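Order-wise, the sequence lines are chains A and B. Going by my numbering, the first residue of the first sequence is number 1, and it counts up by one from there. Going by my numbering, the first residue of the second sequence is number 1, and it counts up by one from there.
It should be emphasised that the hints constitute simulated quantities derived from the structure, not laboratory data.
Derived DSSO-like pairs (lysine-lysine); straight-line CA-CA distance at most 30 Å:
hint, chain 1, residue 1, chain 2, residue 2
1, B, K600, B, K585
2, A, K132, B, K413
3, A, K116, B, K413
4, A, K69, B, K798
Chain B side only, calculated, beta carbon under 10 Å to chain A, not exhaustive:
hint, residue
5, K413
6, R414
7, I423
8, Q713
9, G715
10, M717
11, A719
12, V720
13, A724
14, G725
15, Q726
16, T804
17, I809
Simulated restraints, written as ranges between beta carbons of each label pair:
hint, chain 1, residue 1, chain 2, residue 2, range
18, A, R78, B, S810, 23 to 31 Å
19, B, G712, A, E124, 27 to 35 Å
20, A, R189, B, K436, 43 to 51 Å
21, A, R202, B, K436, 46 to 54 Å
Please read these numbers as outputs of a predicted model, since none were measured by experiment. Even for Gly, the Cβ is constructed at its ideal location relative to N, Cα and C.
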Amino acid sequence: MDLLEVRSICKTYGSGEAAVRALKNVSFTVPKGEFTAVVGESGSGKSTLLNMLGALDVPTSGQVLIDGKDIFQMDDSRLTIFRRRNIGFVFQAFNLIPELTVEQNIIFPVLLDYQKPDKKYLEELLAVLGLKQRRGHLPNQLSGGQQQRVAIGRALFTRPSLILADEPTGNLDSQNSSEVIALLKETSRKYAQTIVMITHNRGIAQAADRVLQVSDGVLSDLGRCFV
Amino acid sequence: MKSYLSLIPISARVRKKQNRMILICITLAVFLVTAIFSLAEAGFAMQTRDHIDVAGYWHIRLSGLSEEEAQQIADRADVAASSWYGLINLDEDLKMDKDYYMDGHQTALCGIEEPFITDIMHYFSEGSHVTGERDVILTENAQTLLGVKVGDTVTLDTPAGSLDFSVSGFRISGDGRYVNANGGQESALLVKEDQVGAFMSIRTFSAICSAARESCDPQYYIQFKEHTKLKKAIDEIQAQYGLADEDIKFNTLLMASKGISNNTYIKNVYPLAGLLFLMILVAGVLMITSSMNSNVAQRMQFFGMLRCLGASKRQIICFVRLEALYWCRIAVLVGVLLGMAVTWGLSAGLKYIVGAEFAYMPVFTLSWVGILCGVVIGVVTVFLAAQAPAKRAAQASPMAAVSGAAGDIGQVKRRADTRALKIETALGIHHAASSKKNLFLMTGSFAFSIILFLCFSVLIDLVDCLLPQKSASPDMDITSVDEDENVVNDIDVSFADTISKIEGVAHVLGRRVCFDFPAEIPEAEDSSVLSPENVDLISYDDYQLDLLVKDDDLRKGSDIEKVKGDSPYVLAIWDRDMPLKIEDKIRIGERELMIAGMLKYNPFSNDGSTGGKMTIIVSNETFIGLTGITGYAILDVQMEKGDAGMRDRAVGQIRELSETEAYVFRDRGDEDTRKEFYVFIVFAYGFIAIIAMITLLNIMNSISMSVSARIGQYGAMRAVGMSAGQLTRMIAAEAFTYAVSGCVIGCTVGLFLSRYMYDHLITSHFYYFTWQVPVGQLIIVFVFIFVTVTAAVYAPSKRIRDMTVTDVISGS
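Okay, chain A solo, but in the shape it has when bound:
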């Protein structure tokens, strides 16, 4: 069964002559457990597509179904809770909460639910992410690579159906980039996570199971090969 189903998504900014069509009838599906990369040049619409998938923005038309649920039929509060529990985000700029420690940042979505975190799972995740020694540190005490690992940990902690990563290696050097991609692949396999990753780096996209390309708002499926 397809975890993610995108049906004819359109996004237009502005109106009249100044209208910009960022996405033009984009449709695709992603089966559960697949690691999909979305590539495209700067301004191609790939980040816009990711924002639609995560319900961070509203499409002009079209549908996005995650696990069979049409996310744009939900009101804001239901959508927020859905996003909290079912979607994990990894941003290019990490976007960690500077006042929270590594451990607190990772369990942040659970704290938003006023739930007690699964300590065993937390220990396991910290070990996988190599952050056990840094659990009490604040983000400003970590390197870029370590911060991105924390962001990945936060995205994974709720065991979401879908992880959306927007240029996760954009602010990292090559070594850290490789480590982060490897981590994403590993967790995808280990926890059967479905991952959609935005990148402009075709080399990094090769790590994915499948590659989609966005060009001028139009999506094409490149499969495992790309030009």
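Starting from the known structure of chain A, fit chain B onto it as the hints suggest.
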């Protein structure tokens, strides 16, 4: 552009919206100070002019001088005018007990010199003089009592014989009153309606005193020249002639306007006035610093860019300071103009709408004091406020500009504690507490508003003591007295009924009085033992008893209802030296009576004290039962409000009826101080409202800036799953942290200062008023806190809710 500083006006043009809040804060601070000082100067000038008209233009009054010494003082280069002043046959209670009469009317004699008429006092009719030994100036009522005019001859009967005088003028009271409710201590020779006052030359006066073997100790009035160093001159005179402090009396208000006073009460006011001014200054600095801090925080990337391009830290500091002073150009000008306009408006309102003693209020005058203070306050507070933000801007690193991570929320050093609190609450509190400087400024702003409010409330209580607004205040009173001017219960009940039926009369409150009535009261050491004591017995009707409750004149535990009717319950007047308390039993005649309540103070004396005399208040029925007396001693008449013509007609009728029955009539309409009281209330609360508004604007601005600085972070939180409600609660937690910390400090310091001010300004003078925790004001403080936080949180959280998550993340 001549230098990098030329960027300042360009930046100001571009950032109009962002700079708006700072400009508003500076303008408000300047406006506040200008308006306050201008109004105070106008009010003081008005009070001084009014005081000079009533009490005379003199600085000090000396006792114990010989003629030679007085002449030496008069010859001093710094003395503008001086005059002897002697008085006989009039004591402090306006009683005349010596045999000085004019045409059968008791007469007080006053010996003066010409400067007393021409320079010192302003209430003599034109042409009045005492140049001749037989010239006399009479009080104005002599025209009716004696039927005399200028040029007529009057005969003064003294114990040593009779003397004829020629009337040369009259002492004009101007308002038809002859007895000032405040005792007229500073006004020479105010007499009752049926008495006469006579001013004559000091030589004639001394001769009369000598012939009648009277000892009179004339005093010497001195008016110094303009620009005289008063304190130095007075100290010199005191030292040269060996005068004690008690021998020198100051013209209190006039001297206070020069900053000199030997009055303990006035001396207590100066440091307190200084303290209030300081608090206003600090509130202004806090408010402007907070705004500037937020303004700088938003522009750290810009300052980083300047550093990138080669600006030194010193140049950045200079830039920020000059930018602040640049804002002053417009804000100070607008603030001063606004302050003057409001001053003119308020002065015109006081003069033409309120009138009465504000009739002398100057309207369209320029108060240089107010303008100067406004400008100084504006520039000084802005300069002081700019120091910390300037230093902060100089700390911007060039990397901030390059990386875009401007660090405008500062380096986080401690984690948020999420163990005991919900995540959004913990984060909100942490946001507030993370910047110590901002926390200090916001807390300080809240605290100062609260402190000023609590302190001003004490001033309002003070004015309430000085100008008590009582429901029982009469518009006129009628008293029956015997030949010796003792109050007697001769007013028939039917007379009271007649008065009550006159059109315009709202209430007639009758009191029966028995002085020195034999009673037995509990002893101080053992309340079960009664010992004989004379008491003053006064009757109140039911309406008057209810007014005691309405005016909050009763001590806690009092029960008025028990006193009504023919009951064994009575009221007593509390005094700190009195042994009586509620539920004590006393005996009057055969009747055992119980104290059901106590008045907080004596409403029948000027200073509220009992003077050691015990007063018992009973119902009409109880009084008649105890004494057998049915007639009234005093009728208080209250008029209906509104129609001045109807009032004047009623006054005329009642006066005529009273005089027919030989009762003493007194029109007390001019004692109505309601207008002045409410003017002060409006002024005080208006000022407090502006301070509160400044605090509100401050926190709204601060929260808005804080949200703007963290907008990207909030977007990420929303993306990760924080709901709009949780975000609002997080912002609210930040605002509440400022508010609660400000409230705690403000209430603690404010209550302490409130008590200090109350003890020194009120209890020191009105001992029966003691400070109590101002519960009502504290409730207002809490409501203010809640409203402020709600207002501060509403706009930013709505702004975020109305944006898509991606827009929030990108900060657009």
